[in-house]
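Participant: Here is what each chain is made of, one letter per residue.
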Amino acid sequence: MRRGGLWALAAVGVLAVAGVVLPRWLVFLLTLAFAKGVAVLSVVVLMRAGLVSFGQGLFFAAAAYAAGFAMRGWGLREALVLVPVGVAVAVLLGAVVGLLVARYRDIFFAMLTLAFSMVLYGVLIKAYTVTGGSDGIRIPTPSVLGISRAGDEARLLVYYLALACTAGSAWLVTRYAQAPAGYLAWAVRDNEVRVAYLGAPVNRIVYGAFLLASGLAGLGGVLTALNVGHVDPGLSYWTTSGELVFVAVLGGSGSVPGALAGAVVYEVLRSYAFKYAPYAWQMMLGAAMLVIILFLPGGLWSPVERWWRRQQA
Amino acid sequence: MSQVLIIGVDGLVFASWLFLVSVGLSLIYGVLRILNVAHGSLFAVGAYSGASLVVAYSQAGNWPWGTLLALPAAALAAGLVLGPLVERGVLRWTYGREPVVQLLVTFSVFLILEDATKLLWGVSPYYAYQPYQLLGQVHIGGIDYPAYSFLLLLVAVVAGGGLWWFVRRTRFGRVVVAVIHDPEMSVALGVNLSRVYVATFALGTVLAALGGAFTAPMISVVPGIGVEVIVLAFAVVVVGGLGSLEGAAVGALLIGLVRAAAVHLLPVLELFTIYLVMAAVLLVRPLGLFGRVEVRRI
Amino acid sequence: MKTPILEVEDLTLHFGSITAAERETVIVYPGEFVGVVGPNGAGKTTFLNLITGYLRPERGVIRFWGQDVVGMKPHQITALGVGRSFQIPQLFLTLTVRENVLVALATREGRWASAWRSLHEPSRVQAADEVLLQFGLLAQADRPAGELPEGGRKLLDVAMAFALRPRLLLMDEPTSGVSAREKFQIMDTLLQALREAGVTALFVEHDMEVVRRYATRVLVLSNGRILADGAPGEVLDDPEVRLAVTGRR
Chain A
82 MRRGGLWALA
92 AVGVLAVAGV
102 VLPRWLVFLL
112 TLAFAKGVAV
122 LSVVVLMRAG
132 LVSFGQGLFF
142 AAAAYAAGFA
152 MRGWGLREAL
162 VLVPVGVAVA
172 VLLGAVVGLL
182 VARYRDIFFA
192 MLTLAFSMVL
202 YGVLIKAYTV
212 TGGSDGIRIP
222 TPSVLGISRA
232 GDEARLLVYY
242 LALACTAGSA
252 WLVTRYAQAP
262 AGYLAWAVRD
272 NEVRVAYLGA
282 PVNRIVYGAF
292 LLASGLAGLG
302 GVLTALNVGH
312 VDPGLSYWTT
322 SGELVFVAVL
332 GGSGSVPGAL
342 AGAVVYEVLR
352 SYAFKYAPYA
362 WQMMLGAAML
372 VIILFLPGGL
382 WSPVERWWRR
392 QQA
Chain B
64 MSQVLIIGVD
74 GLVFASWLFL
84 VSVGLSLIYG
94 VLRILNVAHG
104 SLFAVGAYSG
114 ASLVVAYSQA
124 GNWPWGTLLA
134 LPAAALAAGL
144 VLGPLVERGV
154 LRWTYGREPV
164 VQLLVTFSVF
174 LILEDATKLL
184 WGVSPYYAYQ
194 PYQLLGQVHI
204 GGIDYPAYSF
214 LLLLVAVVAG
224 GGLWWFVRRT
234 RFGRVVVAVI
244 HDPEMSVALG
254 VNLSRVYVAT
264 FALGTVLAAL
274 GGAFTAPMIS
284 VVPGIGVEVI
294 VLAFAVVVVG
304 GLGSLEGAAV
314 GALLIGLVRA
324 AAVHLLPVLE
334 LFTIYLVMAA
344 VLLVRPLGLF
354 GRVEVRRI
Chain C
1148 MKTPILEVED
1158 LTLHFGSITA
1168 AERETVIVYP
1178 GEFVGVVGPN
1188 GAGKTTFLNL
1198 ITGYLRPERG
1208 VIRFWGQDVV
1218 GMKPHQITAL
1228 GVGRSFQIPQ
1238 LFLTLTVREN
1248 VLVALATREG
1258 RWASAWRSLH
1268 EPSRVQAADE
1278 VLLQFGLLAQ
1288 ADRPAGELPE
1298 GGRKLLDVAM
1308 AFALRPRLLL
1318 MDEPTSGVSA
1328 REKFQIMDTL
1338 LQALREAGVT
1348 ALFVEHDMEV
1358 VRRYATRVLV
1368 LSNGRILADG
1378 APGEVLDDPE
1388 VRLAVTGRR
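These protein sequence lines are chains A, B and C, in that order.
Mapping of the first sequence onto this note's numbering: position 95 corresponds to residue 176, and the numbering continues sequentially without gaps.
Mapping of the second sequence onto this note's numbering: position 4 corresponds to residue 67, and the numbering continues sequentially without gaps.
Mapping of the third sequence onto this note's numbering: position 80 corresponds to residue 1227, and the numbering continues sequentially without gaps.
A few of these clues could be false.
As the list claims (entries may be wrong) - Taking lysine to aspartate or glutamate pairs in the EDC-like style, the calculated list, with each CA pair at most 20 Å apart, reads: (1) A:LYS207 with B:GLU291; (2) C:LYS1330 with C:GLU1297; (3) A:LYS207 with B:ASP207; (4) C:LYS1220 with A:GLU159; (5) C:LYS1330 with C:ASP1354; (6) C:LYS1330 with C:GLU1356; (7) C:LYS1149 with C:GLU1169; (8) C:LYS1149 with C:ASP1215; (9) C:LYS1149 with C:ASP1376.
I should point out that these hints are in silico values taken from the structure, not numbers from a laboratory.
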């Protein structure tokens, strides 16, 4: 894994340079992709425990709106404060929702998480005096590390913030996956009964994974809000969550680099597909997912993983 | 007193719509153990088929009451075409894989069908108001009620009764029940599982399409109507117990009445009643009202 | 008088018209190796499921080290010091053989102790390899558990339960699916390891030779009832027992 660490550092270095070299629209797109990638990591964390969440949008939206309220209600501008605020709100929400949801698996888990995200969606639309209803709220430009700029320079700062957060999240999830906690979650997916007969409380393991996932999804939400400058209830709609699941599957359902690379590929493809075939891109998404599931169950990243494993042998 | 009557009627009408729209989902889960996310788009296809047939039929100036027959006809056609197509063409390749994978596959099918309906029927709304208008109003408890709602109630009762008869009285129905309870034993007893799966999925699809077709005259049929339906249908089916047909009926009734009460007494809760009922039921009975515990043999 | 490890009184469970357990009463003391025999469907696995909390009895008392455990879940009972292996080996098929044992070892440690360090930490890997060596699985340590043959899977299943350092080890047919020659090898290894660690064991077994040779005591189950309970020589030569278990006197 030390070699993997070197590749990761190299990637971060390249992306750091890319920030000043690439055109503005691409930098914006990449920021979007990074934020989405972090949220996809939350789906990956849960998938490693054998669970599919169709409701990560709940935390994505909650954190995004929390950041928005903090900026407008308390006048906060510093991103390095807003990010923890958003993540904290997401994790708190996850702690409550997880109490019910961690008892379930498979379909129940998937649809309960979906239902919760749809409840938030309903709340965000109905409480329009507070949340701006379906129009959402505009988010002012944040400062990063105390540095305050405007326009494209501000966007660049958010790009670097997102890059750092993404790298940090990737590191965190990788450590988690290699630690007993991560292995126990994988064991739950493999054979839940056996885990119980090893003396480990299965629901608590799922709860832990759920908390980690809620924090990650929240981080993605805050970053998206700061980048786009706007939040709306659609962040909590179940198709947003579905998108995250799609990218996770695209990237291989279990790998960190796959998820992040998948997010970038997806974001780029989506903007083109939407421009040229707005009435067929969902179909293309669905067809692509089917092809991957049926023929490439390891996701698009699996050939890379196979190559990597052969290198290590 | 009249408010109780209104809540009761409202609740019953909404419950019958919920039942019609959810029972196919429960049936498919019970037999194939797959939660068919594409159920929502099958509903939409039924709505579009029904709506376009009614519109075309009415424009041709035919006998107005024929529109009431056009709806189930369209649903039947759509269901019998799509059902086997989806099951044999896609789902069949996923049997035996993790439930998560099957869920994602039905989600993919949903995405494909969403755009397919846009390509087939366009994005402009369809207004198939003719059956709705035709039946006029009835007078209940001092209020004019659209008679179409009672047609919906009738259709739900007929569908429910038909399913009950099918499951209890026909040989194939009993085979289906056997598969629901114990698939391994059924195979050991010589049941052709593939045929049961195709037939059940087709039936479930027809039911979803039927729900859509009969919903069409009450709304403007636009892209995206299937999305909300999935969540609603799932909630109904979860409350009643996945795979239980009686559960779907009881769940629909419970949610319908609670929502009607909310609409009239506490309107702010209306959107959430369905989720509140679901959460409340699950806290007390984690597998739904009629859900069965399946303990893994070790 | 030593404190009993396991006390079961009046244990009863029915599945509809099927009697899975009927007023079973048993006491197991430290140091015993209790063989549990009986025809198919006698309720041997059900007995294990009941005392480990996987099934809930209709009636009866179950105590481990004097503590009442009825209503507790398997992970709680396991945490008290009860390990179990299964009739169909319950492994983590997608993890390697070594990782299966590593996970078992990791669950023994405190919650925060190993939160950030790798599962493959050197001291833990060493401990896992010792267990694998004892069970003859070290050569397969890096293979996915799913690739093991039936005998290997059984051994790994027991090894994982053993790695928990339980005070009572429950085994469900530990040698079924294994060749006759290997059976005695495995049981020798197993019982030596158990004796060295001071572990009491209860094992369900179909092979009467294995039971005769290794058990200090035999329980005979039939139709959910305990038919006989005593020294192997007496119990296994009793004609009523032979009739019940094998259909012949």
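Participant: Compare the structure with each hint and give your call.
Facilitator: To see whether the hints hold, each was checked on the structure:
no.	hint	verdict
1	A:LYS207 with B:GLU291	holds, 16 Å
2	C:LYS1330 with C:GLU1297	holds, 12 Å
3	A:LYS207 with B:ASP207	violated, 29 Å
4	C:LYS1220 with A:GLU159	violated, 48 Å
5	C:LYS1330 with C:ASP1354	holds, 10 Å
6	C:LYS1330 with C:GLU1356	holds, 10 Å
7	C:LYS1149 with C:GLU1169	violated, 27 Å
8	C:LYS1149 with C:ASP1215	holds, 18 Å
9	C:LYS1149 with C:ASP1376	holds, 19 Å
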